[in-house]
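Visitor: Single-letter residue listing:
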Amino acid sequence: MIKGFMTSLVLLLASMSALASITIGEPAPTFTLQNTKGENVALEDFKGQYVVLEWTNHQCPYVVKHYDSDNMQSLQRKYTEQDVVWLSIISSAPGKQGYVDAQTADSLSESRNAVPSHVLFDPEGSVGKQYDAQTTPHMYIIDPQGMLQYAGGIDSIKSTKQSDIAKATNYVDEAMTALLAGEAVKNTLTPPYGCSIKYKS
Amino acid sequence: MKFYLYTKLLVISLFLLAMSFFSVAQSNGFRISDTGEGPHIQVALMSEQNALVPGRPQLIGVYLQPDPQWHTYWRNPGDSGEAPSIELSSTAKISFGDIQWPIPKAIPVAHLVNYGYEADNLLMIEVFVPQDIVPDGTLTESAEDNLVTINGDLSWLVCKEDCIPGDAQLSITLPIASESRPSAYAALFEDTKSLLPDSYTNPEPADVNAKFEINDTHIVLEVEKSQSLGELNLSKLTLFPFRSDVIKHAAEQRLIESDDAWQFIIPKSPYFNGEAENLAWLLSDGQKGIYFDASINSTLVSNDMSAAYSADRNLDKPSIDAPSLLIYALMAFAGGLILNLMPCVLPVLSIKAISLTRTAPSFFHKSAYFFGVLACFNAFALIIIILQSTGEQIGWGFHMQSPLVVTLLAFLFTFIGLVLLDVIQVGNRMSNIGNSLVSGERASAHFATGVLAVIVASPCTAPFMAAALGIALISEPYVTFILFNALAIGFALPITLLFISSRMSALLPKPGAWMTTFKHVLAFPMFASVAWLAWVYVGQKGAPAQFLLLISLLIFSLFIWLSGHAKGQGARFTFNILALLSIILPISASSLMVNTNEYASTSDSQSVAKNHVDYSEEKLNALKASQQVVFVNMTADWCITCKVNEQVALSSEQVQSLLKEEDVHYVIGDWTNKNQEILRYLKQYKRAGVPLYVVYSGTQNVNVLPQILTPDLVSKAIINAKEELKND
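Here the protein sequences come in this chain order: A and B.
If you number the first sequence the way my numbering does, the last residue is 195 and the count never jumps.
If you number the second sequence the way my numbering does, the last residue is 750 and the count never jumps.
Think of the hints as simulated: they come from the structure by calculation, not from any bench.
Take the hints with a grain of salt, since some may be wrong.
Unchecked claim - List time: in silico SDA-like cross-link candidates among lysine to any residue, alpha-carbon distance up to 25 Å: (1) A:LYS90 with B:VAL135; (2) A:LYS194 with B:VAL135; (3) A:LYS152 with B:ASP189; (4) A:LYS123 with B:PRO289; (5) A:LYS123 with B:ASP184; (6) A:LYS152 with B:SER177; (7) A:LYS31 with A:GLN67; (8) B:LYS182 with A:ASP126; (9) A:LYS123 with B:PHE294; (10) A:LYS194 with B:GLN91; (11) B:LYS738 with B:VAL686; (12) B:LYS748 with B:VAL686; (13) A:LYS152 with B:PHE118; (14) A:LYS152 with B:GLN91; (15) A:LYS152 with B:VAL135; (16) A:LYS31 with A:SER120; (17) B:LYS182 with B:THR214; (18) A:LYS123 with B:ASN237; (19) A:LYS152 with B:ILE108; (20) B:LYS215 with B:GLN80; (21) B:LYS247 with B:LEU259; (22) A:LYS123 with B:VAL131; (23) A:LYS161 with A:ALA172; (24) A:LYS123 with B:VAL135; (25) B:LYS233 with B:GLU274; (26) A:LYS161 with B:SER107; (27) B:LYS388 with B:ASN362; (28) B:LYS290 with A:GLY19; (29) A:LYS90 with B:ASP184; (30) A:LYS161 with B:GLU109; (31) A:LYS155 with B:ASN173; (32) A:LYS152 with B:PRO130; (33) A:LYS155 with B:ILE147; (34) A:LYS194 with B:VAL131; (35) A:LYS152 with B:LEU110.
Claimed, not checked - Which bits of chain B does chain A cover? Going by a derived footprint, with three or more residues having C-beta under 8 Å, they are: (36) 125 to 134; (37) 182 to 192.
All values derive from a computational prediction rather than experimental measurement.
Note that beta-carbon positions come from the ideal geometry of N, C-alpha and C, so glycine has one too.
The whole structure should be built from the sequences, with the hints applied where relevant.
Guide: Here it is as structure tokens:
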């Protein structure tokens, strides 16, 4: 009987890891990563707050589009002011495009007027793969209960042209607005677009 | 091949270089190609012909030459990247077609897959120059007067692992002429044509029939075998979706071949929101390719999902707006009118019509028939709504699923037929009943005719009715009532008009001896209806029961005939009673008889396993209670995924030998025709449809298997379940 229970537990765990679990309405995978000050930052630290995850790579033309236009920063400002936690995550492996050290990351934030709550490093790519993050940018919203409420692209027009930003529907803004108003999110899952994340393997 | 490509590249580059000098040297302003570049890529806009000919479609193209190992993208770039965008404009009224994408390659980039071209590729676009392009309608001799410039606003992404976006504004200038010659690039266009999927070169749409199903983890696509598909190399097939959010591009595409179709099993993209009625695909073996559209397996969706959900919660009823409600009401009305002409109804109403007396009774009297019809239809609507609220899934003619109702209708139709044939004379109690039903003159008789007309009409469906009733049955109760009343009004209208309007009834032929003959003739459509009912009955109860029904109908007719010819009051009464008793015979007997059809219908699905039992809640509970391993398979004939699993996993030697073991029980629930018992089971596991696979180790453990099975997965689940029981 106990063995039976164990086997089913093992099977359950196996099936969980096999599905890089991004299920809307289900608990978001927990993680702990280092920020630019070398401190450990865990998702669980932010229970009770909305958390936005932004996968980034400052050399990726799609990321450049949203930073050169101040689109990403204005979202960061808009929501961090409303007590939302914004985590920019870099999953580029050392030596690959987008990988930076802590100092460079901080100076990038400064020069670009970016105001994420933390910039986190995921050089092993394990958190990125846990979330099945594919592109930069790739955006996620986690609610105060730790449930995933949005996963996907930053907006609806797949391009590197800044002029498209105004024409596009910004899914992150749309979802955050709905969530903060206590309404249902219209588009909970959208295809992400951008550069492939430069994982270690 | 590679050498050839590089040589070509060299020749073309040299040529482009030469041309650029040439275009400077050229004084007349022609420019057949224009080049641009970005990091790791050369681009060019070019024309296949050296002039534009009005009225003749021709090609221009954007030539992309990424550096070795760099790539550009197909229309769906895959997991990352971006398709090139080409915006064309012209100084003249020229129309441009869509980009004709050459067959792409799946390019693995780290953990992702992109669809694109790792070599030079020409994206051709059809250009159409209308006949009236020249303002004054004439082509002058000197070409310089008729120059047209085509501007291409180009943007692209060129990638190796990192990506670099680029853009260029290119323009070519061509003369309009009555004749054109192939340009220096014509050979490149010619080569590219051979790299296009079939549908570009073949004007006939590909003869491909495809359907897909979406389950929790996968998309299952079934493509029927056809001639054009037969030319593809099966071992190298890849499916390229047009949409980027449908499948996991990097995942393996499993291909399963059955007698008349191929099934592809592809992991679903986590970003697929499931909203798709149709999906466009390119199927390619690398050399040849075919475009096709696949539609969602509608059996699965319209019946499965919606029926299951509407039974589940009545909240999900579709809302219907006023204009479409009006259209459906009109359709119901027209359906009702036509219903008058159906063979089961026409005789009854014809008799009614010709037996009308030309007296002028009260309005209430005249409209009794109308109210009879209306009352009966509303009763139907009410029954349907009540049954639906209890979770039954029913439709028009739902009562025809009951053998009892079919039996009673068969007797009723036979009886009406006999009355029409004058088998029983006037004065007989039975014949009075019959006559007053169809041709009586009292208001209550008119009302009864109305009710009877609806009852005899109930097995029939007229054109237009099906669509309107389909809506009525899945909508809010008020919609159901509106549509049923529209149908009722249409149905009642012709006879009611005869009642009310003396002008209308004056159109009827004068009564006479012909009426008797006419009446006799009308008996035969009634008997035809009986024959049809008997056929329905054999489907429900099997051949022996049908034989019993026919014999009973014969006995019934005999007694009715005897009653009609009997001299004394007492004899008549006796025969009438005997006739009524003959109705009870098939009803009581049929409940005792086993439905032989049950065996017939299950024998088809038995091909999977000879040792299975059909699902019933009781059987499953009994097996669980006796601590056995039970494998439950909920399937349906129209379900592609189910068939694939049965072929790939369940009929494998490995699984079959396990299922045949003594302590393993294989339970199949066949949802082909839907039923409440299986729906309840599906809901227990929060499913709206099949497939559903569950393994039980007695009452101890429940293991719900994925919707896509492999032999290993099934046998492991069964072996685990057995061990769980042993270790108890």
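Visitor: Next step is simple, just say for each hint if it's right about the structure.
Guide: Hint check results:
1. Taking the CA atoms of LYS90 (chain A) and VAL135 (chain B), the gap is near 18 Å; set against the 25 Å cutoff, the hint holds.
2. A distance of roughly 16 Å separates the Cα atoms of LYS194 (chain A) and VAL135 (chain B); the hinted pair therefore holds under the 25 Å criterion.
3. Straight-line distance between C-alpha atoms of LYS152 (chain A) and ASP189 (chain B) comes to about 15 Å, which keeps the hinted pair within the 25 Å bound.
4. Pair hint LYS123 (chain A) plus PRO289 (chain B) holds up; C-alpha atoms about 17 Å apart against a cutoff of 25 Å.
5. Proximity of LYS123 (chain A) to ASP184 (chain B) is assessed by CA-CA distance (about 19 Å); at most 25 Å being required, the pair is judged to hold.
6. With a C-alpha separation of about 13 Å, the suggested pair LYS152 (chain A) and SER177 (chain B) falls inside the 25 Å cut-off, and the hint holds.
7. Between the alpha carbons of LYS31 (chain A) and GLN67 (chain A) the distance comes to roughly 21 Å, so the proposed pair stays at or under 25 Å and holds.
8. Annotation: proposed proximity of LYS182 (chain B) to ASP126 (chain A) holds, straight-line Cα distance about 22 Å (limit 25 Å).
9. Pair hint LYS123 (chain A) plus PHE294 (chain B) holds up; C-alpha atoms about 18 Å apart against a cutoff of 25 Å.
10. Between the alpha carbons of LYS194 (chain A) and GLN91 (chain B) the distance comes to roughly 20 Å, so the proposed pair stays at or under 25 Å and holds.
11. For the proposed pair LYS738 (chain B) and VAL686 (chain B), the alpha carbon gap of about 13 Å is at most 25 Å, so the pair holds.
12. Restraint check for LYS748 (chain B) and VAL686 (chain B): the C-alpha separation of about 13 Å stays at or below 25 Å, so the hint holds.
13. Restraint check: the Cα-Cα separation between LYS152 (chain A) and PHE118 (chain B) comes to about 23 Å, which is no more than 25 Å; the hinted pair holds.
14. The suggested pairing of LYS152 (chain A) with GLN91 (chain B) holds, with an alpha-carbon distance near 24 Å, which does not exceed 25 Å.
15. Between LYS152 (chain A) and VAL135 (chain B), the direct Cα distance comes to roughly 17 Å. Compliance with the 25 Å bound is thereby established for this hinted pair.
16. Under the criterion of a C-alpha separation no larger than 25 Å, the hint pairing LYS31 (chain A) with SER120 (chain A) is consistent with the structure, at around 20 Å.
17. Using a Cα cut-off of 25 Å, the hinted pair LYS182 (chain B) and THR214 (chain B) holds, with the two alpha carbons roughly 23 Å apart.
18. A threshold of 25 Å between alpha carbons decides the hint, and for LYS123 (chain A) with ASN237 (chain B) the separation of about 23 Å falls inside it, so the pair holds.
19. Proximity of LYS152 (chain A) to ILE108 (chain B) is assessed by CA-CA distance (about 15 Å); at most 25 Å being required, the pair is judged to hold.
20. Taking the CA atoms of LYS215 (chain B) and GLN80 (chain B), the gap is about 13 Å. The hint holds against a cut of 25 Å.
21. With a C-alpha separation of about 14 Å, the suggested pair LYS247 (chain B) and LEU259 (chain B) falls inside the 25 Å cut-off, and the hint holds.
22. For a cut-off of 25 Å, the pair hint linking LYS123 (chain A) to VAL131 (chain B) stands: about 15 Å separates their Cα positions.
23. Taking the CA atoms of LYS161 (chain A) and ALA172 (chain A), the gap is near 20 Å; set against the 25 Å cutoff, the hint holds.
24. Pair hint LYS123 (chain A) plus VAL135 (chain B) holds up; C-alpha atoms about 16 Å apart against a cutoff of 25 Å.
25. Note on LYS233 (chain B) and GLU274 (chain B): the hinted pairing holds, with a Cα-Cα distance of about 20 Å set against a maximum of 25 Å.
26. Of the pairs offered as hints, the one joining LYS161 (chain A) and SER107 (chain B) holds, with about 17 Å between alpha carbons and a cut-off of 25 Å not exceeded.
27. A C-alpha spacing of about 19 Å is found between LYS388 (chain B) and ASN362 (chain B), which places the hinted pair at or below 25 Å, so the restraint holds.
28. Our distance criterion of 25 Å between C-alpha atoms is met by LYS290 (chain B) and GLY19 (chain A), whose separation comes to about 19 Å.
29. Simply put, LYS90 (chain A) and ASP184 (chain B) have alpha-carbon atoms about 9 Å apart, close enough for the 25 Å limit, and the pair holds.
30. Restraint check for LYS161 (chain A) and GLU109 (chain B): satisfied, since their Cα atoms lie roughly 17 Å apart, inside the 25 Å limit.
31. This hinted pair checks out: LYS155 (chain A) and ASN173 (chain B) have alpha carbons roughly 19 Å apart, not beyond 25 Å.
32. Distance hint between LYS152 (chain A) and PRO130 (chain B) is fulfilled; the C-alpha atoms sit about 20 Å from each other, no more than 25 Å.
33. Pair hint LYS155 (chain A) plus ILE147 (chain B) holds up; C-alpha atoms about 23 Å apart against a cutoff of 25 Å.
34. A hinted pair counts as satisfied when its Cα atoms are at most 25 Å apart, and LYS194 (chain A) with VAL131 (chain B) qualifies at roughly 12 Å.
35. In summary, the hint linking LYS152 (chain A) to LEU110 (chain B) is supported, as the alpha carbons are separated by about 20 Å, within the 25 Å threshold.
36. Requiring three or more residues with a Cβ within less than 8 Å of a Cβ of chain A, the coverage given for the segment 125 to 134 of chain B holds, as 4 such residues are present.
37. For the segment 182 to 192 of chain B, the stated coverage by chain A is satisfied: 5 residues place a CB nearer than 8 Å to a CB of that chain, which reaches the threshold of 3.
Hint compliance for this structure: no hint is broken.
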